[in-house]
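Undergrad: Given chain Z, put chain E with the ligands in place with the hints provided.
For the protein sequence lines, the chains are Z and E, in the order given.
The numbering of the first sequence is my numbering, which starts it at 1 and goes up by one.
The numbering of the second sequence is my numbering, which starts it at 1001 and goes up by one.
Don't take each hint at face value.
Heads up, incomplete: computed chain E residues facing chain Z, CB under 10 Å, no partners named [as the list claims (entries may be wrong)]:
| no. | residue |
| --- | --- |
| 1 | F1014 |
| 2 | R1053 |
| 3 | R1076 |
| 4 | F1085 |
| 5 | V1090 |
| 6 | A1092 |
| 7 | P1103 |
| 8 | N1178 |
| 9 | L1182 |
| 10 | V1201 |
Examples of chain E residues lying across from chain Z (beta carbon under 8 Å, computed) [what the hints assert, rightly or not]:
| no. | residue |
| --- | --- |
| 11 | Q1026 |
| 12 | S1051 |
| 13 | I1068 |
| 14 | Y1074 |
| 15 | V1077 |
| 16 | N1093 |
| 17 | L1094 |
| 18 | D1098 |
| 19 | R1106 |
| 20 | G1139 |
| 21 | Y1143 |
| 22 | M1153 |
| 23 | L1157 |
Please keep in mind that the hints were generated in silico from the structure rather than gathered at the bench.
Glycine residues also receive a C-beta, built at the ideal position from the N, C-alpha and C atoms.
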Amino acid sequence: MSEASPAKAYALHLGVIALLFALSFVLPEYHHGLLARIMVLAVFAMGYNMLFGYVGLLSLGHAMFFAAGLYGAGFAVIHLGWNVPLAFLAGIACGALLALVIGLLALRTTGVAFMIVTMMFAQVFYLVILYFAAWTGGDQGLVVPQPARVLNLGATSLDLTNPTVRYMSALALFSIVLLITLAVVRSRYGRVLVAVRENEERTKMLGYDTFSNKLIAVVVSGTICAASGAAYALLFGYVGSSLASVQYSILPLLWVLLGGAATTLGALIGTVFMYYVIDIASGYTSAYLLIVGIALILLVLFFPKGILGTIRQRWLGWLP
Amino acid sequence: MMPLLTTKNLARNFGGLRAVDGVDFQLMPGEIRAVIGPNGAGKTTFVSLISGRIQPSSGMIVFDGTDITSRPAYLRVRQGIAYTFQITSVFANLSAYDNVALPVQRTLTDGRSKGAVRTGVMAALERTGLADRAHMPAGQLSYGHQRLLEVAMGLALKPRLLILDEPTQGLADSEIDNFIELVREIAKSATVLLIEHNMPVVMQLADRITVFNAGRILAEGTPEQIRANTQVQEAYLGTAP
Ligand SMILES: Nc1ncnc2c1ncn2[C@@H]1O[C@H](COP(=O)(O)OP(=O)(O)O)[C@@H](O)[C@H]1O
Ligand SMILES: [Mg+2]
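Isolated chain Z, as found in the complex (with noise of 0.2 Å):
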C-alpha cells in the first residue's frame, strides 16, 4: 500500500512463484497432483479476497462465479465444441457478466443484507443448474472428454491430463493473477479499495463515487474466481454441481481468512493449510472435520489475522 518497498515485495512474488515451479519437480506424483488442484483454488481464494479482504464485503456467494467459469467453460468444450482457449475466455466472460448483474443487484445493501443476497442469488444460481439437468448433468456433473482437453499450438499441442502440463498450466494462471492482484492493492485503486473498507462515507468526501469503485471490484473479483472455475473444468475435467453448493461459498472465506484477509500471499497459503491439515486428519480419523475445526478455533484463537495477517502485523509490515 504505501510507498515503501515496492522491490521487496515483487522479489517476495516472484520468490514463491519460482518455489512453486521448483516443486514440481521435486514433489511425489500425489502431492504433485494436489497442489495443482490447490493452486487453481488459490485462484478462486484470491478473488474472493480481493473483495472481501480490500473492500471489506463479505459475499456469501461467490461459488456462483465460480461456477458461471466452471459451467461457461465446460459448456463451451462439451455442447458447442470449442476448443480451449476459446472456452476459457468463455468461462471469464460468463462470470464477468454474472459479476456485473449481480454486483449492480447486490450493492445496493451492505454487511449483513449483502451476505444474504448473495447467497441467495448463488442459491438461485445453484438450483437453475440442478433443474436444466439435461444440459448440466443436475448433481452427477458433467465429465469433459479428454480428447478435448487438449491445447494446439500450431504444430505442438499440450495435453492438460498430463500431469505437468497440468501442473504448469495451473501455476501459469496463479502467477498471473496473483501478480495482477500486487499490482492492483498496490495501485491507486487499491489504495481507495481500502479506503472504501475502512470508511465509506469518508471516501465519498473525498470525490470518489464508492459505489462505481466498489462495482468494479465484484467485477474484478468475479472475473478472478470464474478464471479459476474455467480452468478447474479444463484442467481437472468435472463440471459438477457440488461446486456451485453454498460449500463453495464458504470455503473461499475459510482459505482468505486462515492465510489473511487483505493480504495477497494469504489466499495461497490458507487454501494449502486447510488441504494439508484436511489431508493428514483424514489418514488418521473419519471424524476429521472435527479436527479440522479445532484447528480453525487455534488459529482464531491465536492468529486472528490470519497467517499472513499476523505475521505482517508483527514482523513484516512492508508486507503487501
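TA: For chain E with the ligands alone, kept in the frame of chain Z given last:
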C-alpha cells in the same frame, strides 16, 4: 461580483426538529467567513447540506452559478467543495501519507492538479507540519495532529471552497497560532467557510461573521459589527450589558 455560494431558503428537519430553518446565505469568492453560534444551532448541519453529506428537506444551493442541490457529494467535491469533519474522521488504520494520497490522486485523476502523488502529498503534509509523521498510522497521531491531518486532506483536494468545522478544537495554543497562519495562506487560493468556537481565532481571521441560532441566521456582519450587536451578545456571547 457573483457570489461563489448561495443558499436559498435552505432547510433540513430531523423528525420535528428544524435543524436548519430557511437559511438565505451568500459567500463571496476569496473571503474568509466565520460561522458562529451556540451548540445545536445547526452550523454542522448547514455545512453538511452544502457539502452534500446530507440532503436538504427544502431550498436550493447554488455553487459558482450552478444549482447543485441534488448533486451527489462526490461530484461537489470534484467541483471544488471540500469538507473537513468536526468529528475527526481520518482513516485511522492508514498512514498519514495514504490519508492525504487519497485526495491528491483524486485531483490528479480529475485533472485539477499535476505531478506525482508523492509531491502533492508531501506538500500538503508540510503545510500542516505533519511531514515527519507521514508514515505513522493516522490513528496513532495525537488528537491535535489528527485535526491537522483533516485540514491537510481538505487542502489536498485543491478546493475552491474549503469548509472547516471547528478545526482548532483540541489544538494547543501554540498550534493555534500556526493554524491561523495556515488558514490565511489557504485563503489566498480558496474561499474559506470556518465554523469556530474560539472567538480570538474568529476575530483574527474572519472578513465577515455569520451568527446562527436555532437553525436561523441571527446576524451577519464584520467582526466589529458582530461584537457590537446586542442581540448576538444575548444569544451567544452571554455578555449582554
Ligand atoms: N443526524 C441527526 N439526527 C437527528 N438530529 C440531528 C442530527 N444531526 C444534528 N441533529 C440535531 O440538529 C441540531 C443542530 O445540530 P448541529 O448542526 O450539529 O449543530 P451545531 O453544529 O451548531 O452544534 C441539534 O439539535 C442536533 O441534535
Ligand atoms: Mg457542530
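Undergrad: Taking the hints in turn, state whether each one holds.
TA: Hint by hint, here is what the structure shows:
no., hint, result
1, F1014, "violated (18 Å)"
2, R1053, "holds (6 Å)"
3, R1076, "holds (9 Å)"
4, F1085, "holds (8 Å)"
5, V1090, "holds (8 Å)"
6, A1092, "holds (8 Å)"
7, P1103, "holds (5 Å)"
8, N1178, "violated (24 Å)"
9, L1182, "violated (20 Å)"
10, V1201, "violated (24 Å)"
11, Q1026, "violated (24 Å)"
12, S1051, "holds (7 Å)"
13, I1068, "violated (14 Å)"
14, Y1074, "holds (5 Å)"
15, V1077, "holds (4 Å)"
16, N1093, "holds (6 Å)"
17, L1094, "holds (7 Å)"
18, D1098, "holds (6 Å)"
19, R1106, "holds (4 Å)"
20, G1139, "violated (10 Å)"
21, Y1143, "violated (17 Å)"
22, M1153, "holds (7 Å)"
23, L1157, "holds (7 Å)"
Of the numbered hints given earlier, the model fails hints 1, 8, 9, 10, 11, 13, 20, 21; all others are met.
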